[in-house]
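Chains as they are written, first to last, in the working numbering: chain A, 1 to 506; chain B, 507 to 815.
Don't take each hint at face value.
Stated by the list, open to error - When the alpha-carbon atoms are kept at most 35 Å apart in a straight line, the in silico DSBU-like pairs for lysine-lysine are as follows:
| hint | chain 1 | residue 1 | chain 2 | residue 2 |
| --- | --- | --- | --- | --- |
| 1 | B | Lys-518 | A | Lys-187 |
| 2 | B | Lys-667 | B | Lys-597 |
| 3 | B | Lys-557 | B | Lys-801 |
| 4 | A | Lys-302 | A | Lys-42 |
| 5 | A | Lys-42 | B | Lys-518 |
| 6 | B | Lys-518 | B | Lys-565 |
Source of the hints: derived by calculation from the structure; they are not laboratory data.
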Amino acid sequence: MLFNSPEFLFIFLPIVFCLYRLIPLLCRDRPEALNSQDFQIKFLFLASLCFYAYWRWQYLPLILMSIGTNYGLSVWMAGKTNQKARKFILVAGLLFNLGLLGYFKYANFFITNIQHLTSTNYNLDAIILPIGISFFTFQQIAYLVDRYRQQVGVGSLWRYGLFVTFFPQLIAGPIVHHAQMMPQFDKPFKKDIWNNLALGSTIFIIGLFKKIAIADSVALLSSPVFGAAQQGADLTFVTAWLGALAYTMQIYFDFSGYSDMAVGLGILFGIRLPANFNSPYKATSIIDFWQRWHMTLSQFLKDYLYIPLGGNRCGSRRKLINILLTMALGGLWHGAAWNFVIWGVLHGIYIALNHLWRRITFVHMPPVFGWAITFVMVVIAWVPFRAADLDTTIRLYQGMAGLNGISLPTFIQPVFQQLGDDFAQVFAYNGLGPINLWIAVTILPMSIVVSLIMPNSLEWTRLQSMGTVGRYSWQPSIASATYIAFLLSISVLKFNDVSEFLYFQF
Amino acid sequence: MMSQNSSISSSKTFRGYVRALLTFTVLLSGGFSLLVAYGYQHGWMDFAFIKLYQYQLSKIESDARPDIVFVGDSSLGNAIDADEFQRLSGKHVQNLALTGAYGYAGTFNMIRRVTQANNPELVIIMHTPDIFTRPIAYDGYLHTALSLKDWRDIPFSILVKTFTNFDAVMSMARTFVRKSGMPDNMVISNDYIRQGPALNLDDNSNHQLSEASINLEKKMFLKKISAFCGDNGLQCVYAFGPWLELFCQQSQSFIKKTKEIVISTGLRVATEQPKCLSPNELGDAWDHVAPHSKKEATSFYFKKLQPFL
């Protein structure tokens, strides 16, 4: 079920929210033992399973098995004081989780590559990737490691089940830590319904608008460009850069929109989910970028991969290798394809260069230069991430390098003449049509301005104290209500073109 | 620590905010929807073939009183030369072809408009055979509707989807931009939209349509056409538009089944088979006659329709 689908917004969410809020009222006169919060947790867990099963009920046993096994291992670990025994259980858990991920996500990839290398040909049925498996597996790996380190305790199975399946974050994160969620389940849920409803719905609507109105619109520009490259078209400079820029905006507004919706939904149910984005395109270095982009994944990779690999504790050369390895595996986490590995390695190289730069120079680069270099590098790296294959990536890069001609003069000329057929034909010549033209001159520049200048949704609603927006911040006022209602109305009017979130495939 | 009073006041503020948010959303969405509905009613929508539609409407509104009227889609527009048919039949002929985007629904409305202005002897309905594989053209119906009452023919869910659609708002915006000077690139030539380059035949294309691909809902507007003709004493005849001969050869069971469907609605069928086009007669689509073969196609259909004249 997609957050931006009418069945979620008009059926699932209202029913679950109302029943969830009704539980305390129904339990008011019950004995103490029948704690309403326990009911709420059980109810949310079951509702989350329904949410998951709506996509493909056949995979419900898989997620239940994953939860049951990991919970069982953590309980088993709790009874062991011997370090070796605890380590054995941890390794068993890691093998189980990585085996599950390996089979469902990477089996086809590895077999295809082995076949390619050995020139063999096995018949393997395509394995359908269970939605959200990368997220719920990583979350449970982190839990087992934290259990091993004795940083977290063992709660009830219901609470653990909800920690893994809580529907706002089940499909595409944010990746939450046991330590972040369990204390919230243990404290009575906030009773201030109106406060949660106001703030939660505001953040949710901003996310919905980002996805439906911005990401899906700029996708109409990026998709034909990448599609044309895949078909073998030689893209000119402007077209290739427009496509890459459009995808840069699409993925940001798509994923951060989803994350906002998840955070907003969490607040509706009285649960705070961690922030996943902090205006990443404002970053003035690539290290800064990774502290702002998909923050929960970055934190996970740092805590459970980079640091266990040795981090920066084993000399500078090893540190750079660790960075490259972490980023390459981070790329592979996104999908079983070499394109994602290239994307990860590119970012690994960027980060390594950034560290080297900091070490060898004492010159402080002006922020605007830092920002420009970072932004361009990030745009370049998104190309393999989006492209269907290596050939498409190379064609895009050829276009961006101007190897197929730079049609800039013919592009600019008609802008100052008439925004009519002539202009459209310039785009048609570049493989784009009038609709793409409209997006290129309106929504794309606006989205760039929004991502670079405006405060992000969590800053605006003061949920995140990462920046200050002063008197322009959100207030529960008529003006804010009008603005948010406008965003919601536009989103509702665009429900006819509901599309999947990009990160659902990961 | 927040006192009880300030907590209540804060809760009231948030409650007011949520209420305002809901109210404004309902008002704004409702306002957009009403605007779109009004736009449909007043021809403010930027439909892809609006220029053609207006061109055909101007024929109906002219003083001409045709004896024979052709209504249908682009397969008709490219196949029948009204002047040639007039020469062959000796009767006054009008070709009011729209496009596939208007479907049978648009054809139904065109017949109603024609009969409002005049009472022709014969109405010939011609559509491409593969129209049966397409969804009902509700959008085309709304664009050509005669009055608000016509909206009752459209399922409620479709109406909601149509009127709560941001693209419709953008469509109206485009209409206004166009009126203020944006050029319209559709060119009417030889009584219909000028064709693009001839279609390149790809031997690997699939030219076989099966009975399973038929959308039985398409009967809905055919039935309405048949009932309307019957109620108004109009002689209405159905003819299959031209089709690439490879389709004719490989989709015989499809053609047979669609003919049965048309007959089941009460309409008479003038052509057992579509006019099957050889590659050199083909225009810019599988069902478009090349401009140089239009007269020949007209002659073909004249022979088929002669018994009804």
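Verification of the supplied hints:
{"no.": "1", "hint": "B:Lys-518 to A:Lys-187", "result": "holds, 25 Å"}
{"no.": "2", "hint": "B:Lys-667 to B:Lys-597", "result": "violated, 44 Å"}
{"no.": "3", "hint": "B:Lys-557 to B:Lys-801", "result": "holds, 24 Å"}
{"no.": "4", "hint": "A:Lys-302 to A:Lys-42", "result": "holds, 33 Å"}
{"no.": "5", "hint": "A:Lys-42 to B:Lys-518", "result": "holds, 30 Å"}
{"no.": "6", "hint": "B:Lys-518 to B:Lys-565", "result": "violated, 63 Å"}
Hint check: violations occur at hints 2, 6; the rest are consistent with the structure.
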